[in-house]
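Residue numbers (this note's numbering), protein chains in the order written: chain Y, 282 to 360; chain C, -3 to 502.
One or more of the hints may lead you astray.
Claimed, not checked - Mimicking EDC-like on lysine to aspartate or glutamate, the simulated pairs with C-alpha atoms at most 20 Å apart in a straight line are:
{"#": "1", "chain 1": "Y", "residue 1": "287", "chain 2": "C", "residue 2": "492"}
{"#": "2", "chain 1": "Y", "residue 1": "287", "chain 2": "C", "residue 2": "484"}
{"#": "3", "chain 1": "C", "residue 1": "357", "chain 2": "C", "residue 2": "151"}
{"#": "4", "chain 1": "Y", "residue 1": "287", "chain 2": "C", "residue 2": "494"}
{"#": "5", "chain 1": "Y", "residue 1": "287", "chain 2": "C", "residue 2": "114"}
{"#": "6", "chain 1": "Y", "residue 1": "287", "chain 2": "C", "residue 2": "111"}
{"#": "7", "chain 1": "C", "residue 1": "98", "chain 2": "C", "residue 2": "494"}
{"#": "8", "chain 1": "C", "residue 1": "98", "chain 2": "C", "residue 2": "111"}
{"#": "9", "chain 1": "C", "residue 1": "101", "chain 2": "C", "residue 2": "308"}
{"#": "10", "chain 1": "C", "residue 1": "357", "chain 2": "C", "residue 2": "116"}
{"#": "11", "chain 1": "C", "residue 1": "98", "chain 2": "C", "residue 2": "-2"}
{"#": "12", "chain 1": "Y", "residue 1": "359", "chain 2": "C", "residue 2": "116"}
{"#": "13", "chain 1": "C", "residue 1": "101", "chain 2": "C", "residue 2": "221"}
{"#": "14", "chain 1": "C", "residue 1": "101", "chain 2": "C", "residue 2": "484"}
{"#": "15", "chain 1": "Y", "residue 1": "359", "chain 2": "C", "residue 2": "263"}
{"#": "16", "chain 1": "Y", "residue 1": "359", "chain 2": "C", "residue 2": "494"}
FYI, nobody ran anything at the bench for these hints, they're computed from the structure.
Chain by chain, the residues:
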Amino acid sequence: MTSGGKGLFRSHFLPRTRAGWVSVLLFLGLFALAEPPFVHSWANRTEPWLLGFPFLYTYLLVIYCGLICVLIWALRRKL
Amino acid sequence: MEPWIVATSLIFVYLIITIVLGAVANRRLTVDMEDFLLYGRKAGFVVLYLTVVATYHSAFAFLGSGGYFYTHGIGFWAAGTWTVLVGGITYVLGSRIWALGKAFKYITPADMLADFYESEAVRVLVAVISVLFTILYIQVQAQGLGYILSVASGERIPFEIGTLILLVVAAGYLVAGGLRAVYWTDVVQGIWMYLAVWIGALVLAFKLFGGPFELWRRVSAERPDLLTLPGPEGFFTPGMWIGMGIALSFGIVFQPHMMIRYYSAVDGKTIKWLGATTPIYLMTLYIPAALVGLGGALVLPGLAVPDRIFPELLFQFAPAWLTGIILAGATAAAMSTLDSILHSNMTVLTRDVYQRYVAPKESQAHYVWVGRGIVIGLLAVGYVLSVKTFAFLVTLVTLSGSGALQLMPSILGVCFPGRRLFTKAGVLWGMGTGLSVLYLTLVVSPNPFASLIGSPHPLGLHGAVWSVLANFAVTIAVSRFSRAPSAETVARIHGEVERFVYGGAG
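Chain Y on its own, in the form it takes in the complex:
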């Protein structure tokens, strides 16, 4: 442990259960859809209007709600 010490425990950066993998991948996948390049290219438009709002606004709102649902799902699975 004197130089460039190695950890004593298995890495916490990788999920250890199937539900853990599902929630992490879903969250990251949805989050990526709310980031460039998607929002600045494909989603960057007003048409078609959805639910009375321009496309980009509703598109992002749906993704944000999806991300919250992933967090609630993870909570219910006790992750």
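Given chain Y, work out where chain C should sit, using these hints.
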């Protein structure tokens, strides 16, 4: 009755409610540092939920967000990404911070980091970052409060007097009831500000446009440039979108007033509930802000100070009673952040400086009284910063949003056991490098490499992202060649994380 009398009276009614709550909290206070500084680690879901959301959303969310929509259009809907990310960070990281705080009696962020990295230098640097980069928020919120009271009274109450009144009230209930008073007032503030911004925006949308849907259609017809990226002034580029997302999620969560909230929870499950559900409040507060900003761009174009769009619309188009209620909501938004930062700075200075280096063996009551004295001192500093202009403040304001972000590698190193450990030297050099890069990219204008990479945000990427990338690179590199924390410490702290997350010994 004249509108300014109604508006000002409602703000004072709100202030009286907070003072009463502070007095009641004082009667419940026990002479104990954990009770005064951490609510006795007994905060349940409802109280913690409303204090977290009220603290996260400051006067900026109430006034500034409308200004952003007004100027830059739909690009500010990026706010949804960072508010949802705050939920994810709270869920994953906040729960681990709670577990370590509970197990090892941590009170401040520096307690945790100094314990793991076995370093007083880490404690001092983290305490300095904690105070330096948040004390500016006292100034910003206090100025917002003075402005709100001045506007509500039709400038009959001068800015300086308004700032002083509201600072004294916030500091008063904090001194009386400690974190309990802050939390209880935050409950009122969190509910009040949410209802106020929604009711105000909907009333204006119906009155001026016939409803929110018609408002959006009018914006599309008259100002289509507000409905696509990067916006009329080209502000929301991909680099800014990503950078603001990181700075306003991780950068806020790692500030001491947010981390202290994690420590104060009654259990880890409460933190996970917070993580899963706070984005609902945080994100949906920007829905009415969009109505205010975009609608305001059509009705009152060319405002010199776009942040004033909400109060300007209210005074011109809303009844006096509603204006008063909503401006009281704006006061709540600013005060809920102000009191939390006063409290966290008091906590850091009492715990990490006074108790550690000045008087380590005093009684609990002694430290509580010292904390109260520090609040009075912070009140004075906050007031002077609010009514005076100092050149160095411009620099600090520029850096403040991204300063706490420099704690990211060190906190991940504690809360996420990995294949390799970060070391004391690694995190110290990393934080130093990150702060230097932040200074070079955001403050030195143009930066020394501007001709090659641009300025102030090199290659179009927010300076906060460059700083944290440099911080990580240096932390990882130096950690490879420097002494790691002792095996005993790693086993104790990472072992606790392992038990909390997976319930076993790993």
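A quick look at each hint next to the structure:
Proximity of residue 287 of chain Y to residue 492 of chain C is assessed by CA-CA distance (about 17 Å); at most 20 Å being required, the pair is judged to hold. Simply put, residue 287 of chain Y and residue 484 of chain C have alpha-carbon atoms about 13 Å apart, close enough for the 20 Å limit, and the pair holds. As the CA atoms of residue 357 of chain C and residue 151 of chain C are separated by approximately 50 Å, the hinted pair breaks the 20 Å bound. Taken as a hint, the residue 287 of chain Y and residue 494 of chain C pair is honoured in the structure, with Cα atoms around 16 Å apart against an allowance of 20 Å.
Between residue 287 of chain Y and residue 114 of chain C the CA atoms are separated by roughly 16 Å; this keeps the pair inside 20 Å, and the hint holds. Of the supplied pair hints, the one linking residue 287 of chain Y and residue 111 of chain C holds, its CA atoms being roughly 18 Å apart against a limit of 20 Å. For a cut-off of 20 Å, the pair hint linking residue 98 of chain C to residue 494 of chain C stands: about 14 Å separates their Cα positions. In summary, the hint linking residue 98 of chain C to residue 111 of chain C is supported, as the alpha carbons are separated by about 14 Å, within the 20 Å threshold.
Between residue 101 of chain C and residue 308 of chain C, the direct Cα distance comes to roughly 48 Å. Violation of the 20 Å bound is thereby established for this hinted pair. The suggested pairing of residue 357 of chain C with residue 116 of chain C holds, with an alpha-carbon distance near 18 Å, which does not exceed 20 Å. Only pairs whose Cα atoms come within 20 Å are accepted, and residue 98 of chain C paired with residue -2 of chain C is rejected, the gap being roughly 53 Å. Between residue 359 of chain Y and residue 116 of chain C the CA atoms are separated by roughly 37 Å; this puts the pair beyond 20 Å, and the hint is violated.
Of the pairs offered as hints, the one joining residue 101 of chain C and residue 221 of chain C is violated, with about 53 Å between alpha carbons and a cut-off of 20 Å exceeded. Between residue 101 of chain C and residue 484 of chain C the CA atoms are separated by roughly 18 Å; this keeps the pair inside 20 Å, and the hint holds. In summary, the hint linking residue 359 of chain Y to residue 263 of chain C is supported, as the alpha carbons are separated by about 14 Å, within the 20 Å threshold. Annotation: proposed proximity of residue 359 of chain Y to residue 494 of chain C holds, straight-line Cα distance about 15 Å (limit 20 Å).
Consistency with the previously given hints fails for numbers 3, 9, 11, 12, 13, ordered from lowest to highest.
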